[in-house]
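Below are the chains, spelled out letter by letter.
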Amino acid sequence: MTALDVRELVSEAAAHYRDRPHAVVMLRECLERLEEPLRVGFVGTPGTGKSTLVSALAEWPTRALRDLELFDTPAPAEHVDATVRLVRHLEPDELAGARPVGGSAFARQSAVNSVLVLGRADEVGAGRIDALLTAKQLARRAWREDPNCAGFQGVIAVAGQLGYAGRALRDDEFAVLRALASVSRQELERHLLSVDSFVDDPFPVGVPPESRKHLVSRFGLYGVRLAITLIRTGCDSRLKLSAELVHRSGLGDLRDTLAGCFVARGEALKARTAVLRLESLLAAEPVPHGDRLAARVERFAAAAHDFRELRLIADIRGGRTALSGEIAEEAARLLGAQGLAPTERLGLAPDADPAEIHAGAESALVRWRHEAERADAAHAERAAARVIVRSVEGLLSLFVG
Amino acid sequence: MTAPAWLDVLNETLDACAAHGRADLAERLRRRRDQQAPGTRIAVVGFPKQGKGYLLNALLNAPVCAVGDASTPAVPTEIGYAPDAAATLVGHARESVPVADLAKELEIRPPGSLRRVEVGLPRELLGTGLVLVDTPAIGDPRSPRTAATLDVLADAHAVILVSDATQELQPAELALARHIRTWCPALVLALTKIDVSPDWRELAARNRTALSETGVVADVFPVSATVRQAAAKAGDAGLNGRSGFPELLNWVGEQASRPIERTRALAAAVSVRAAAVELVESLQTRLDAVSQDSGIDQVTLLQQAQRRTEELRRQNVRWQNLLSDEITDLVSDAEYDLRERTRQIVRHIDRTFDEGDPVQIWPDFQTWLEENLAEAVETNYNWVSDRSTWIAHAVATSFGPRFGQAPELPLTGSGVDSIPEVGTPKIERFKIGQKLFTGLRGSYGGVLMFGLVTSLAGLPLINPVSLGAGVAFATKSVRDEGGMRLQRRQALAKAAAQRHVDDVFIRFSKEIKDEIRQVQRRLRDHFAALSDELAEELTRQRELIIAGSADRDRRTQRVKKEIDRLAALHRKAGALGVTAREIRELSA
Numbered sequence: 001m002t003a004l005d006v007r008e009l010v011s012e013a014a015a016h017y018r019d020r021p022h023a024v025v026m027l028r029e030c031l032e033r034l035e036e037p038l039r040v041g042f043v044g045t046p047g048t049g050k051s052t053l054v055s056a057l058a059e060w061p062t063r064a065l066r067d068l069e070l071f072d073t074p075a076p077a078e079h080v081d082a083t084v085r086l087v088r089h090l091e092p093d094e095l096a097g098a099r100p101v102g103g104s105a106f107a108r109q110s111a112v113n114s115v116l117v118l119g120r121a122d123e124v125g126a127g128r129i130d131a132l133l134t135a136k137q138l139a140r141r142a143w144r145e146d147p148n149c150a151g152f153q154g155v156i157a158v159a160g161q162l163g164y165a166g167r168a169l170r171d172d173e174f175a176v177l178r179a180l181a182s183v184s185r186q187e188l189e190r191h192l193l194s195v196d197s198f199v200d201d202p203f204p205v206g207v208p209p210e211s212r213k214h215l216v217s218r219f220g221l222y223g224v225r226l227a228i229t230l231i232r233t234g235c236d237s238r239l240k241l242s243a244e245l246v247h248r249s250g251l252g253d254l255r256d257t258l259a260g261c262f263v264a265r266g267e268a269l270k271a272r273t274a275v276l277r278l279e280s281l282l283a284a285e286p287v288p289h290g291d292r293l294a295a296r297v298e299r300f301a302a303a304a305h306d307f308r309e310l311r312l313i314a315d316i317r318g319g320r321t322a323l324s325g326e327i328a329e330e331a332a333r334l335l336g337a338q339g340l341a342p343t344e345r346l347g348l349a350p351d352a353d354p355a356e357i358h359a360g361a362e363s364a365l366v367r368w369r370h371e372a373e374r375a376d377a378a379h380a381e382r383a384a385a386r387v388i389v390r391s392v393e394g395l396l397s398l399f400v401g
Numbered sequence: 001m002t003a004p005a006w007l008d009v010l011n012e013t014l015d016a017c018a019a020h021g022r023a024d025l026a027e028r029l030r031r032r033r034d035q036q037a038p039g040t041r042i043a044v045v046g047f048p049k050q051g052k053g054y055l056l057n058a059l060l061n062a063p064v065c066a067v068g069d070a071s072t073p074a075v076p077t078e079i080g081y082a083p084d085a086a087a088t089l090v091g092h093a094r095e096s097v098p099v100a101d102l103a104k105e106l107e108i109r110p111p112g113s114l115r116r117v118e119v120g121l122p123r124e125l126l127g128t129g130l131v132l133v134d135t136p137a138i139g140d141p142r143s144p145r146t147a148a149t150l151d152v153l154a155d156a157h158a159v160i161l162v163s164d165a166t167q168e169l170q171p172a173e174l175a176l177a178r179h180i181r182t183w184c185p186a187l188v189l190a191l192t193k194i195d196v197s198p199d200w201r202e203l204a205a206r207n208r209t210a211l212s213e214t215g216v217v218a219d220v221f222p223v224s225a226t227v228r229q230a231a232a233k234a235g236d237a238g239l240n241g242r243s244g245f246p247e248l249l250n251w252v253g254e255q256a257s258r259p260i261e262r263t264r265a266l267a268a269a270v271s272v273r274a275a276a277v278e279l280v281e282s283l284q285t286r287l288d289a290v291s292q293d294s295g296i297d298q299v300t301l302l303q304q305a306q307r308r309t310e311e312l313r314r315q316n317v318r319w320q321n322l323l324s325d326e327i328t329d330l331v332s333d334a335e336y337d338l339r340e341r342t343r344q345i346v347r348h349i350d351r352t353f354d355e356g357d358p359v360q361i362w363p364d365f366q367t368w369l370e371e372n373l374a375e376a377v378e379t380n381y382n383w384v385s386d387r388s389t390w391i392a393h394a395v396a397t398s399f400g401p402r403f404g405q406a407p408e409l410p411l412t413g414s415g416v417d418s419i420p421e422v423g424t425p426k427i428e429r430f431k432i433g434q435k436l437f438t439g440l441r442g443s444y445g446g447v448l449m450f451g452l453v454t455s456l457a458g459l460p461l462i463n464p465v466s467l468g469a470g471v472a473f474a475t476k477s478v479r480d481e482g483g484m485r486l487q488r489r490q491a492l493a494k495a496a497a498q499r500h501v502d503d504v505f506i507r508f509s510k511e512i513k514d515e516i517r518q519v520q521r522r523l524r525d526h527f528a529a530l531s532d533e534l535a536e537e538l539t540r541q542r543e544l545i546i547a548g549s550a551d552r553d554r555r556t557q558r559v560k561k562e563i564d565r566l567a568a569l570h571r572k573a574g575a576l577g578v579t580a581r582e583i584r585e586l587s588a
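Here the protein sequences come in this chain order: A and B. Just so we're aligned: the first sequence equals residues 1 to 401 in the UniProt record's numbering. Just so we're aligned: the second sequence equals residues 1 to 588 in the UniProt record's numbering.
Chain A extracted, bound-state conformation (with noise of 0.2 Å):
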């Protein structure tokens, strides 16, 4: 089933609903939703750095993200297509409180949008040098391990603030942190040992104590230890020290997430949501004649592929399958977690022709679908080739006719 049935079953289910006007608003908005760009929700407890975040993602001119629209503000459910789930700490408490909850069986089967994300990455560990290594790690293992983060695409640990201030890093900026770079380490550090001394101490070099202000409060000391680390180890440039601050803040991380998961997925989510939609309405208003409806809602669930390859590509990443090392990078490669297109998917290169695809296409199939009929494996692991199966027939079927 595609987005074009799915405009079918929305035009359909509107000319049942003639007679109530709302409904007929409601469904008519749900076709508008399909046309525009993919909605995100932000959410989470205030404190975590919602609005941070969607500034740094919203503001950054990449086509990953070009088809997405962000809200930080908690909008109702039916209004975004994805969520992104903020908390401060992976505690037990707090993530139990994040889980996203279930609702009819069609939005638990196809709960594959949204992802966890660790807000305050560099609070982690007092702030030592290494404190966002330490977070994506934390959040590594809460993904595989914690069951309250199985429910989602990703845990991703980010320092919001660093991420925002290294992406719009400024020349000026650049200029004071080189300036600091240039003391000798010794000297520097009883200075970047709190910000009180980092900003009220007398100082080795000439930077005013408003330019250390500034500096502190746009990239947190945490930050400013890192960058001065940084230009010491080689980033001599205004471009190089933010691509390295954006990458190690973790916001590289979530960008290429929401692009993998929702924006190249976003036909498939907006349908999603609009079928909920749909599916609530049939639940609150029933019509003459919604069974046969909410059949085709039942069917759109069962057909719609998109689902299984991100529940599965979030299972195999999450370290819930007994798929591992290779094996498991060409398994999540095949289901579409590095780019839907046949290329991308088989590992090929760009411009490889037809034949090549064919033949990568064809070998990919004769050897999952031997995983999938071992008879030694488990349920799940068959299931699983499954599912991989299936997708490299839709590579297939692109040469049929």
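Everything labelled a hint here was simulated from the structure, so no lab data went into it. A portion of the hints provided could be inaccurate.
Reference excerpt, derived from the structure (chain B facing chain A, CB under 8 Å, subset only) [to be verified]:
#1 P48
#2 G139
#3 D140
#4 R142
#5 T166
#6 Q167
#7 I194
#8 V196
#9 P198
#10 E202
#11 S224
#12 T226
#13 K233
#14 G238
Just so it is clear, the structure is predicted and the values come from calculations on it, not from any experiment. Even for Gly, the Cβ is constructed at its ideal location relative to N, Cα and C.
With the hints as your guide, set chain B onto chain A.
Coordinates of chain B only, in the frame set by chain A:
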């Protein structure tokens, strides 16, 4: 050594808590009483990831507590003085581990296998017997970790609440502070991580305001463990001063230097006050409920009962009058009805036998009469039965809807079966012989009379004229005789039928009167019993209300007295606390 003054107050409060079913409060007080620790216990508590471990390690200048990025200790760690550093895991058994391996050891223990960890450190700060207790992070109110921490608070003499400078105090943290301050004589807020927070000064001010708005007396100490560590490494006293730790250590030292007896007295005083307040609150709630109860019930219930008794009395008169009136009416109506019905029958009998010859119509008439009499009696019976039921309902209704249940009133029988058969009257028939004889007698007279008259005219005695007259006379005699006999028969049949109807009337008018009287008796008995029952119930209710009110008054009195006693204990505890403080201040 004499028992300290606070012990009595505490014991008394403890008894009161136990007596009023507050085992939880009693348990807290018992722990205060039985505490034998030689030194002051200071608990360090806070929500996850606020920097408790860093704070403790910085306080002690030793890496005692696990400062995990992910894991936090699930059991309390008690840190006291020992000449050589040592750590003991206390579970079912005690197990010594090197202090340096403590964090690693804790990580591999299965959850729930340990109760606490005891650490000994050769630190001057701990020399006075001071024990610092690191607690599991507070989180979900139902989690065992939270319970373990709250448990530690029952033994603590002072508490350091840890909250970091990246966020203002949350409502849950303020509630925790309030709870701690109620049960512990001393509380401070350690505002950690001020090294990474550019605006910790504003934040500290906001937290101070929030605490005082919550009604919590607590100092705020902004600290940075990172700066303290750096200062220690560099031996930089100035830097150490900027870490904020000297002030916090001062406060800790102050707590530790107070003689333990005073500290315990202070803690006991606060605990007694907290327990007394909680207990009084729960008693007051109960008292309010009771007085609200009595406000509605006591007087009103009695008045209601009184009203209902009077109502019942009026009701008794009403229903008795109603019953007797209705029954009298019914008797006369029933008799009249039966009479009216029988009179119609009698009228019909008269009409029938005025014209008909009983000889011919009697069998048919007998059937008709029996049927009509039976119908009349049955109708009358049914009518009486209906009226009786109606009367029963009318009387029952006068008792109100709750008792509107009339008794069953089966009449003993419709009576139809016992109607006697109609006796056939003796009816003479005018037979041929009699007719012949009568005719002969008439003809003989006629022949003789006309023969004598015609003999005067010279005719023989028997001549055609006298013979003709004889025939005429014979015919007339027979006819006259026949008419007379018919009339007699009719009179006879009428009399018989009327007598029968009269019999039936007399018999059944008596029977129906008896039935009605029985109905009356039955209704009277039923409703009299019901009335008695109601009266009895009311009496019982009144007695209950009066007894309950007395009981409640007694109870209320008791609770009030108890509250007064607890208030006195509260005051006494307050006085003790003040003494303990004053002595401290004098000695300080």
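Do the hints match the structure? See the list:
1. Here the hint on B:P48 is kept, as its CB sits about 5 Å from the closest CB of chain A, short of 8 Å.
2. Evaluation of the B:G139 hint against chain A yields a held restraint, the C-beta minimum of about 4 Å falling below 8 Å.
3. About 5 Å separates the beta-carbon of B:D140 from the nearest beta-carbon of chain A, less than 8 Å, and the hint is met.
4. A hinted interface residue such as B:R142 counts as satisfied when its beta carbon comes closer than 8 Å to some beta carbon of chain A; here the least separation is about 10 Å, so the hint is violated.
5. Below 8 Å, beta-carbon pairs count as interface contacts, and B:T166 has one with chain A at about 6 Å; its hint therefore holds.
6. With its C-beta approaching chain A no nearer than about 5 Å, B:Q167 sits inside the 8 Å limit, and its interface hint holds.
7. For B:I194, the interface hint holds, since its Cβ comes within 8 Å of a Cβ in chain A; the closest pair sits about 7 Å apart.
8. Checking B:V196 against chain A: minimum C-beta separation of about 5 Å stays under 8 Å; hint holds.
9. Interface restraint check: B:P198 against chain A, minimum CB-CB distance 5 Å, threshold 8 Å, status holds.
10. Interface restraint check for B:E202: the shortest CB-CB distance to chain A comes to about 13 Å, outside 8 Å, so the restraint is violated.
11. About 6 Å separates the beta-carbon of B:S224 from the nearest beta-carbon of chain A, less than 8 Å, and the hint is met.
12. Taking 8 Å as the C-beta cut-off, the interface hint given for B:T226 holds, the closest approach to chain A being about 6 Å.
13. Given the 8 Å rule on beta carbons, the hint for B:K233 is violated: about 11 Å separates it from the nearest Cβ of chain A.
14. Restraint check, B:G238 versus chain A: the minimum CB separation of about 11 Å is more than 8 Å; hint violated.
When each numbered hint is compared with the structure, violations occur for hints 4, 10, 13, 14.
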